[in-house]
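K.L.:
Sequence:
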Amino acid sequence: MGLIQSDATIPGVTHHRAGLNGTELHYVRAGTAGSPVLLVHGFPETWRVFRKLIPMLSERHRVFAVDLRGFGDSATATGEPGSATAAEDLSQLITQLNLGPVHLTGQDISGPVSFRIAATRPELVRSYTAIETGLPGFGLEMLADITHGGAWHIGVLAAPGIPQMLLAGRERAFIAEYAIPSLCATPGAFTDEDIDELTRCYSRPGGFAGAAGLYRSMLREGDEIRELATRKLSLPVLAVGGRSGQFTPATLRQVATDVSAVSLDGTGHYAAMEAPQRLADALLSFYEKVDSPH
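Note that the sequence shown covers residues 1 to 294 in my numbering.
Worth flagging that the hints you see were computed from the coordinates, not collected in a lab. Just so you know, not all the hints are guaranteed correct.
As a list, the in silico DSBU-like pairs of lysine-lysine whose alpha-carbon atoms are at most 35 Å apart [what the hints assert, rightly or not]:
1) Lys232 x Lys52
2) Lys289 x Lys232
3) Lys289 x Lys52
Each pair of labels, with its calculated beta carbon distance range [to be verified]:
4) Gly100 x Asp258: 16 to 26 Å
5) Pro205 x Trp152: 16 to 26 Å
6) Gly2 x Thr230: 36 to 46 Å
7) Gln246 x Ser292: 21 to 31 Å
8) Gln164 x Thr230: 16 to 26 Å
9) Gly149 x Gly2: 42 to 52 Å
10) Ser292 x Gly149: 39 to 49 Å
11) Glu288 x Tyr178: 31 to 41 Å
12) Asn98 x Gly22: 17 to 27 Å
The beta-carbon is built from N, C-alpha and C at its ideal position, and this holds for glycine as well.
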């Protein structure tokens, strides 16, 4: 575990690596005081999708944004890097950094990962925020059903060997011409530099392996997630919806007893890039309520 230098950075953050659970995770940190926040990205993302959010949150909190196993500058994923493995990675990271309970904040395909931590290691979680996400067993699998408006890329990523066949050498086109414009409702939310950085990360050998593992597990873990959810989360939960509308709040209300909801009307799927100030205001208000309940 240690400080590293990185060309792909923003002002105010330091870059680190942590060896744990048979892999090495890259993460950034910012802020020197306040309760800890752990930000967990989705797909096709890395920690960088929080670049606008981190400065706002770090004025009041110690903020950590991680690259999941197989994403960004973390070690390439091998084997079956599903949500259970990723959840164990992050649980060990929280423990290794001695953060105590964190404001766990995950979006998109990291929903099952972050829910697993909240459900199985509640002592590590101060609050749980789900942004534009859902859970297997509660409808998330429908995103792969193209006959009902689902996304074709989920099946492509979940099929062994197909991402390498179809996406290798076409990473920039996939990100800039499909993934971002199809889900983003805010022109200019992503700069050319953002797209360059995402392309760099997904162009490395095995760059899609982490995402492939999470999508494969999403399609088969519904029964397991439902079993975990039989004992509802009792910790404070914030459900944030943008493009998905009420899907995220409706899902979280089935698995938790203390759920607040925020709707970022007019935004697309990439809340942290499209509406960073509105998202930061919602998060800071929620964190403050959790930290000072009386």
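K.L.:
Work down the list of hints and note, for each, if the structure agrees.
P.N.:
Hint-by-hint comparison with the structure:
{"no.": "1", "hint": "Lys232 x Lys52", "in the structure": "33 Å, holds"}
{"no.": "2", "hint": "Lys289 x Lys232", "in the structure": "21 Å, holds"}
{"no.": "3", "hint": "Lys289 x Lys52", "in the structure": "23 Å, holds"}
{"no.": "4", "hint": "Gly100 x Asp258: 16 to 26 Å", "in the structure": "20 Å, holds"}
{"no.": "5", "hint": "Pro205 x Trp152: 16 to 26 Å", "in the structure": "24 Å, holds"}
{"no.": "6", "hint": "Gly2 x Thr230: 36 to 46 Å", "in the structure": "41 Å, holds"}
{"no.": "7", "hint": "Gln246 x Ser292: 21 to 31 Å", "in the structure": "28 Å, holds"}
{"no.": "8", "hint": "Gln164 x Thr230: 16 to 26 Å", "in the structure": "38 Å, violated"}
{"no.": "9", "hint": "Gly149 x Gly2: 42 to 52 Å", "in the structure": "45 Å, holds"}
{"no.": "10", "hint": "Ser292 x Gly149: 39 to 49 Å", "in the structure": "42 Å, holds"}
{"no.": "11", "hint": "Glu288 x Tyr178: 31 to 41 Å", "in the structure": "38 Å, holds"}
{"no.": "12", "hint": "Asn98 x Gly22: 17 to 27 Å", "in the structure": "21 Å, holds"}
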